[in-house]
Each structure stands twice: as structure tokens, then as C-alpha cells.
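S.K.: Given chain A, work out where chain B should sit, using these hints.
If you read the protein sequences in the order shown, they are chains A and B. Residue numbering for the first sequence is 9 to 200, as defined by our numbering. Residue numbering for the second sequence is 9 to 200, as defined by our numbering.
For the record, the hints were derived by calculation from the structure and aren't laboratory data. Any given hint might turn out to be false.
Stated by the list, open to error - With a Cα cut of at most 25 angstroms, we get these calculated BS3-like pairs of lysine-lysine:
1) A:K137 / B:K101
2) A:K104 / A:K36
3) A:K91 / B:K104
4) A:K101 / B:K91
5) A:K63 / B:K63
6) A:K46 / A:K122
7) B:K91 / A:K102
As the list claims (entries may be wrong) - Non-contacting residues of chain B with respect to chain A, defined by C-beta distances greater than 12 angstroms in every case (computed):
8) E16
9) T27
10) H33
11) L41
12) N45
13) D71
14) L72
15) P121
16) E136
17) G140
18) E151
19) P156
20) P157
This one's a predicted model, so the numbers in the text were calculated from it and none came from an experiment. Positions of the beta carbon are idealized from the N, C-alpha and C atoms, including for glycine.
Protein chains: 2
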Amino acid sequence: MHNIDDVETEETLTCLRITVHHPLHEIKNVFQLIHFNKREKHMVEDPLKVGRDTKSCHISLYDLRVSRVQFSIQAFRHFNSSKLFFEIKNLSKKGKLIVNNTELEHLNKVELPKKALVRFAEFQLLVEKEDGESTESFDTFFELARTPPCQEILCAPSMSPIPETGILINACTVPQQCSLQTPVEMEECELK
Amino acid sequence: MHNIDDVETEETLTCLRITVHHPLHEIKNVFQLIHFNKREKHMVEDPLKVGRDTKSCHISLYDLRVSRVQFSIQAFRHFNSSKLFFEIKNLSKKGKLIVNNTELEHLNKVELPKKALVRFAEFQLLVEKEDGESTESFDTFFELARTPPCQEILCAPSMSPIPETGILINACTVPQQCSLQTPVEMEECELK
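Chain A with its partners taken away, still in its complex shape (with noise of 0.2 angstroms):
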């Protein structure tokens, strides 16, 4: 036991909490990888990689229409601020992202707000920030949803984060399943 007068003051770490869904997670247990409900942490100085790629991603989806590396979320600091905030960056050339209602092509990027849905191939992932103090790491705590959080969150329009020049797609004609895959694509997976 360490004696507490020795001990760094602890400082409370900025959390992103990503509730994840799938519509075929018990048949394809594409979240077989994950941790769920636990906490880990993360540099800040790292890009949190998500994909396919067991080796070059911190979290890995087992899913063959997921890309090798599916997109990146890093930290980063706004000037004259200590808080954390983050940036998501679409790494995938096929697959695009939809950040809240914003698309992102290969390489784009855009700031994450306090809350957003990202949605790619048949995923869906509620990332909600909690601020802490600490500018050296931050953790990651995911949780499993059985039902797509797409319809409460699309519909709140100051959820949206700001492109300069982005594509805007209007929240409420996405379907009932939020679902990017084409009509071929949904039969190619029901066939599996």
C-alpha cells in the first residue's frame, strides 16, 4: 500500500462513453471484440483507431463490411482551453461516415459535439462526452444497445457539428432502421 501523502493528486479523466448497435449482433457477434462495461484508457497523443484490423485498431468489429481501419477519433485542444475535445476522421476510401447528420468521404474530418450518432455500413454508435480534468489520457466505456439510439438523437438539430462545406442530410427521412446499406447489401448479409 502506498501512503496517501505520497500519491499524486488523481485527476478525473474526460470520458467518451459509446453505447454501440447492430441489428444482427447476436447472429453475427460483430461486438465479440469489445469490452464492454469496462473502462480503458487511452493517450491523448494516439489516435483511437476503429476497424476490421485487430493489429493497427484499439477497437476492432468483427465485420467483413467494416474497413481494415474504419475511421480515427483524437483529441485535441481548442486554444485557450484545458478541456478535451475530439475530432472524427473517416479512414476508410469505400465506406463513407455519417456523423450526426453530416457525411464524411475518405479523409474528411469534422469536430465530435457533446453527443453524436455515428453511423457506418450497418453500425450505429451514440458517443456522448463526460468532461474530466486530465490532458494526458482519457477512457473509453462501451455499452451495448439492443435497440438503434438513432431516432432520438438524429432529430435534435443543435446536435449537428459544423462543416465548413459538408453534406447535410435531412434527419428525418432517415428510415426506421437508420441503416446505411443498400437494398443488395441487406441481402447479402440475411444470406450469411
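M.R.: Positioned in the frame of chain A, the structure of chain B alone reads:
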């Protein structure tokens, strides 16, 4: 030999031409790990890290005044543009990074203008972007400058990146050597 019919059409690569200067480079050999006058290819997905740590940095500077990871340069694309742009982020907890006239603290970032003077410790790097077609990779090309390149660039106001609330430094008050060290640090350097 490949048959030329079978080979993919060659794309030109965006090149970051980086002219480096350090007042004591001949004595301290701070650039001994840099490959000068040679194009080197980097994948757009990976941040290009510059610092003292040879393991985690792509570009290593041999000087104890440099942080293990001093800064990163990352490619991205603006919405509706096929061109590569670059962002520079200060990853040093101890040292400031000055990009033209803007001072970056830990985790602050700015978009690199077409021509940027990057300064930290006693280093000066003039970074010039030459546009190419590929969005998969880019090149770097390092050259050594025996005289500091600061004078030429710092008095051209259009060359500044545009931070939202960053600290602007009056370019023309930068001393002759454009060095960032305090007098004490200068003495330390001279004693080595």
C-alpha cells in the same frame, strides 16, 4: 520488367518539402538521423510524428531539448476537395510550437498554410506543400539550410494559419536568430 500495359497509372504525390535549420547543427549533429535530399513516402492514414524518440517518431531529431514526441503532421481532405491538406498538432507537454505567427500549446493544432515556418527549441523548419494527385500517400523531402529561413517568411502576413482564438506573435519583433530559447538556455547550449 513489368509490361507497361499492366501497370496502374502513376499518380503524382503531394510533397512536403521541409527545409531545416539549427544554429549548432554542425557541432551537435542534431540532424544525423534525417535522410536529406531523398523523397520518402508516408501513408495518409498515419500521423507523421517528429521528435526525439526514434521508436515512435518517423522523423527523429538528435537533441535533448526536443520532446520525445514534439509534434505530428496529419493529412486530411476538406469537404468536396480531392486535394490533401495538412494539420500540425503540438504533442509536447513542455515546449511550445510556433507555426508562422501562431503559438501552439500541448494538443493545440492548426492547418498548415501552403508555406509555414515551424519553430521549437532552436529548430526552424520551413514546410512547403507541393500539391499532387494521390490521396493514398504523400512524400517528404528534407533539405538543410545553413542560414535561418525565418526572415523571409515571417513578415508575409498572408502566410499565417488562422486559429480561432490563438496567440498571434508580432512577426517583426522576432529577433535576428529567430530562436525561441531564453538567454539562460542559450548559455546552456553554448556550454555544451
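S.K.: Taking each numbered hint in turn, which are not upheld by the structure, reported in ascending numerical order?
M.R.: Those not satisfied: there are none.
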